Amino acid sequence: MSIKIENHKYDVLVVGAGGAGLNAAQVASQHVKTAVISEVYPTRSHTISAQGGIAAALGNLEPDNWHWHMFDTVKGSDYLCDQDSAEYMCRMAPEMIIALEHLGLPFNRTAEGKIAQRPFGGHTAEYGKRPVKRACYVADRTGHAMLQTLYEKSVAQGTEFYSEFYALELIKNGDAVVGVLALDLQNGGLHMFHAKAVIFATGGNCRIYETNSNAHINTGDGLALAMRAGFSWCDAESFQFHPTGVYTAGNLITEGVRGEGGILLNGKGERFMEKYAPTIKDLAPRDIVSRSMQKEILDGNGAGPDKDHILLKIDHIGKEAILEKLPGIHELSLVFAGVDCIKDPIPVVPTAHYQNGGIPTNYLGQVVTMKGGKEVDVPGFFAAGECAANSVHGANRLGTNSLLDLVVFGRTTGEQAAQYAKENGFTELPENAGSEGVALLNKFANGTGKNTFGPLYTKLTKTMQKNVGVFRTEELMTTARKDLIELESLIEDYTVADKSSVYNLDLVEALELNNMILVARAATEGALARKESRGGHYRDDYPDRDDKNFLKHTDITSNGKDIKVDYRAVRLKPLTVESFEPKARVY
Amino acid sequence: MGKKVTFEILRYDPDKDKSAFYQKYEVEIRRPGMLILEALNQIKWELDHTLTFRRSCREGVCGSDGLNVNGVNMLACMTKIEDISTSKIVLQPLPGMPVMRDLVVDVEDFFEKFITVKPYLIRSTPTGDKEIYQSEEDRKKLDGLYECILCGCCSSSCPSYWTDKQYLGPNAFLRAWRYISDTRDEGTDERLKILNDKHGVWRCHTIYNCVKACPKELNPTKAIVEIRKMLLDKQF
Numbered sequence: 001m002s003i004k005i006e007n008h009k010y011d012v013l014v015v016g017a018g019g020a021g022l023n024a025a026q027v028a029s030q031h032v033k034t035a036v037i038s039e040v041y042p043t044r045s046h047t048i049s050a051q052g053g054i055a056a057a058l059g060n061l062e063p064d065n066w067h068w069h070m071f072d073t074v075k076g077s078d079y080l081c082d083q084d085s086a087e088y089m090c091r092m093a094p095e096m097i098i099a100l101e102h103l104g105l106p107f108n109r110t111a112e113g114k115i116a117q118r119p120f121g122g123h124t125a126e127y128g129k130r131p132v133k134r135a136c137y138v139a140d141r142t143g144h145a146m147l148q149t150l151y152e153k154s155v156a157q158g159t160e161f162y163s164e165f166y167a168l169e170l171i172k173n174g175d176a177v178v179g180v181l182a183l184d185l186q187n188g189g190l191h192m193f194h195a196k197a198v199i200f201a202t203g204g205n206c207r208i209y210e211t212n213s214n215a216h217i218n219t220g221d222g223l224a225l226a227m228r229a230g231f232s233w234c235d236a237e238s239f240q241f242h243p244t245g246v247y248t249a250g251n252l253i254t255e256g257v258r259g260e261g262g263i264l265l266n267g268k269g270e271r272f273m274e275k276y277a278p279t280i281k282d283l284a285p286r287d288i289v290s291r292s293m294q295k296e297i298l299d300g301n302g303a304g305p306d307k308d309h310i311l312l313k314i315d316h317i318g319k320e321a322i323l324e325k326l327p328g329i330h331e332l333s334l335v336f337a338g339v340d341c342i343k344d345p346i347p348v349v350p351t352a353h354y355q356n357g358g359i360p361t362n363y364l365g366q367v368v369t370m371k372g373g374k375e376v377d378v379p380g381f382f383a384a385g386e387c388a389a390n391s392v393h394g395a396n397r398l399g400t401n402s403l404l405d406l407v408v409f410g411r412t413t414g415e416q417a418a419q420y421a422k423e424n425g426f427t428e429l430p431e432n433a434g435s436e437g438v439a440l441l442n443k444f445a446n447g448t449g450k451n452t453f454g455p456l457y458t459k460l461t462k463t464m465q466k467n468v469g470v471f472r473t474e475e476l477m478t479t480a481r482k483d484l485i486e487l488e489s490l491i492e493d494y495t496v497a498d499k500s501s502v503y504n505l506d507l508v509e510a511l512e513l514n515n516m517i518l519v520a521r522a523a524t525e526g527a528l529a530r531k532e533s534r535g536g537h538y539r540d541d542y543p544d545r546d547d548k549n550f551l552k553h554t555d556i557t558s559n560g561k562d563i564k565v566d567y568r569a570v571r572l573k574p575l576t577v578e579s580f581e582p583k584a585r586v587y
Numbered sequence: 001m002g003k004k005v006t007f008e009i010l011r012y013d014p015d016k017d018k019s020a021f022y023q024k025y026e027v028e029i030r031r032p033g034m035l036i037l038e039a040l041n042q043i044k045w046e047l048d049h050t051l052t053f054r055r056s057c058r059e060g061v062c063g064s065d066g067l068n069v070n071g072v073n074m075l076a077c078m079t080k081i082e083d084i085s086t087s088k089i090v091l092q093p094l095p096g097m098p099v100m101r102d103l104v105v106d107v108e109d110f111f112e113k114f115i116t117v118k119p120y121l122i123r124s125t126p127t128g129d130k131e132i133y134q135s136e137e138d139r140k141k142l143d144g145l146y147e148c149i150l151c152g153c154c155s156s157s158c159p160s161y162w163t164d165k166q167y168l169g170p171n172a173f174l175r176a177w178r179y180i181s182d183t184r185d186e187g188t189d190e191r192l193k194i195l196n197d198k199h200g201v202w203r204c205h206t207i208y209n210c211v212k213a214c215p216k217e218l219n220p221t222k223a224i225v226e227i228r229k230m231l232l233d234k235q236f
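Protein sequence lines correspond, in order, to chains D and Z.
Read in the numbering used here, the first sequence has 17 at position 17, and its numbers run on one by one without any break.
Read in the numbering used here, the second sequence has 90 at position 90, and its numbers run on one by one without any break.
If we strip away everything but chain D, and leave its shape as in the complex, we get (with noise of 0.2 Å):
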């Protein structure tokens, strides 16, 4: 492996090319030079799988408005969340929507020729009276549509693309952050990218999971970066196990099923969330009907020969409904289920789909980290997207608010990296810049240990699975940490087979899976200090919330040696309007 490596400069530097990124950068780019860096090509991120929609209070088919939809999301995160970024987010959300449409995105039409909406899980009108029409999409390939468009204007916004470098390490100098080395995965050569600011919206991470939604990519390579850097996760114990994941596979069906009608029966046939959501019942938000589900298997209802899964069913609104709202879904039921929708419902199971925390930044989506017990600004650097957590999730996300999220905390990263580049010269790299990354490449380059990727993965998802899933307990927790400990020193004792400098897969996997070990660890580490149950977040030994106690972010750093747990006050006050004290959760 050469170390010969190739000097870029940008004012704003992007990581990661998914609705937050593209957004993100086609605004920066507007005002100063910037660059995007991808592990695929910007049209293969994660966000292109995005089905059911965005959510926004337009009030096109009925009354609705921010407040209702802040509400919504403060009670769906289970209290957890910041309260002045929920409320920036929701407050934008219609404009945000608006600027969409206004660059191409074929959105779904009302009789009238607005943008068509419809309900969502956690969405009411009212403060949680009924379900309401939020959701905008298309069809049901909502993510598809908008990643394409996003990708289309920034590519005519002069955006400068490096698809398929992957990122090695993340520069500091003193407490800012100056750049990103990063790997050309085409070639094999080593590129040091120096920027004013750099913005993290890098996604997910629940392919730790072995049931899970996600593409191969979600490996959390940003979290890992910036936690080697010394920042940390917030609330990284808090997943969200989507409750319908295609039986075995795990490939997502939208909530937009259920928003279109669709309901979930065990195996007797008994639509069992009246029983645990009488009012909004299947709507209610997915942490609450995947436990309801699970509750109903382990109670020996589920559906199968084997009792071990819940069925969804959507035949009853019509074929042409369902080809017209839901083409994708028939899709995938054919080739994942082998079971045509039209006629027969859907076997599903929770399936792990997204993180709630993230890189911990302010409502503007600046990079923030505990400094004297007070939050501080990092200076350089900003996050977006799922990497990070501003925090409109806490516990628990709504469904449709991750697209939004997405586009908001884009343009807000992007235009704020755009500021501090405008008024900020660089910071010099540090003189050893890059030796980290390099080093980590070469370790793996170089291995000849005895393990390989293949029993590692198994052996990683396996564990966080059972032990770290959606009940979880001190004892299995307890396992998990043992499990992730030995996965650490086997990973040390590594061979990577393929020598190759051209798109070396066996190279990268090795880095995710290396990454992937350190983000299971600070989960599970995260999980079991979190002695209570919110959200996502679910301990049989714990199982009640706990405001006096765990009203409060997890926020977890590594040393890169052993995992530490800390906290920070959830910023409960919003911009403008009165905070919602947190309740009793119940829909």
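Among the hints, erroneous ones may be present.
Claimed, not checked - The calculated lysine-lysine pairs, modelled on PhoX-like cross-linking and capped at a C-alpha distance of 25 Å, are:
1. K113/Z to K33/D
2. K80/Z to K343/D
3. K325/D to K140/Z
4. K482/D to K450/D
Stated by the list, open to error - Just the calculated beta-carbon pair ranges, DEER-fashion:
5. N196/Z to K422/D: 37 to 45 Å
6. K234/Z to D377/D: 38 to 46 Å
7. D377/D to E82/Z: 55 to 63 Å
8. L334/D to K234/Z: 36 to 44 Å
9. P98/Z to E423/D: 39 to 47 Å
10. W162/Z to I5/D: 31 to 39 Å
11. K140/Z to E474/D: 50 to 58 Å
Quick caveat, the hints were computed from the structure, so don't treat them as lab data.
Since the model is a prediction, treat every value here as computed from it, not as a measurement.
Just so it is clear, CB atoms sit at the ideal spot from N, CA and C, and this is done for glycine as well.
Position chain Z relative to chain D; hints supplied.
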């Protein structure tokens, strides 16, 4: 142990191979409905760590894993092994695009051609602060056009695309037609100028390979014909 299926995969590593060669692998079928991408992962993780290919979403929307299976372009993640009836399955990189290594092709030119047709809303009428209204009927005109996943299966199946290096290809035309068909767009004339070229829509020989190859069952040839009709209408 499940039954085994023989895969023959075209291999090439510019770091060490003078020319490409086929390598055989015996893949175990571990579940009904097993997909070609699962076979590739099995080979990579258990049989030969050096095999390389692209993949990401593994559910047919990101367009990473288009490849050539027994002579036909398709997505590895959406193709069931049991649906291929031959005794062995031959995998090659997408044809007509430079091979970088194994099943990975150079798609830079493909993306550049896509961008050439100005695939974004062009509009001089002010948009105001509300959505631009569009009837349900007008919105339906975009169905069958916007769903393209940029996998390259269409362009790389097209003999005109193989022989004319400047030919924009079916993918770019489908996207151009998606914007021309959008009632909100005002860039038709700008785009038609680009498309009305010997390397543009006139190069298509209506071979229909693109239609057969498209894993999303879209119809680029129809888009090409519609653009030609529009060009002729404007001329006479």
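Give me the numbers of the hints this structure contradicts, sorted from smallest to largest.
-> 6
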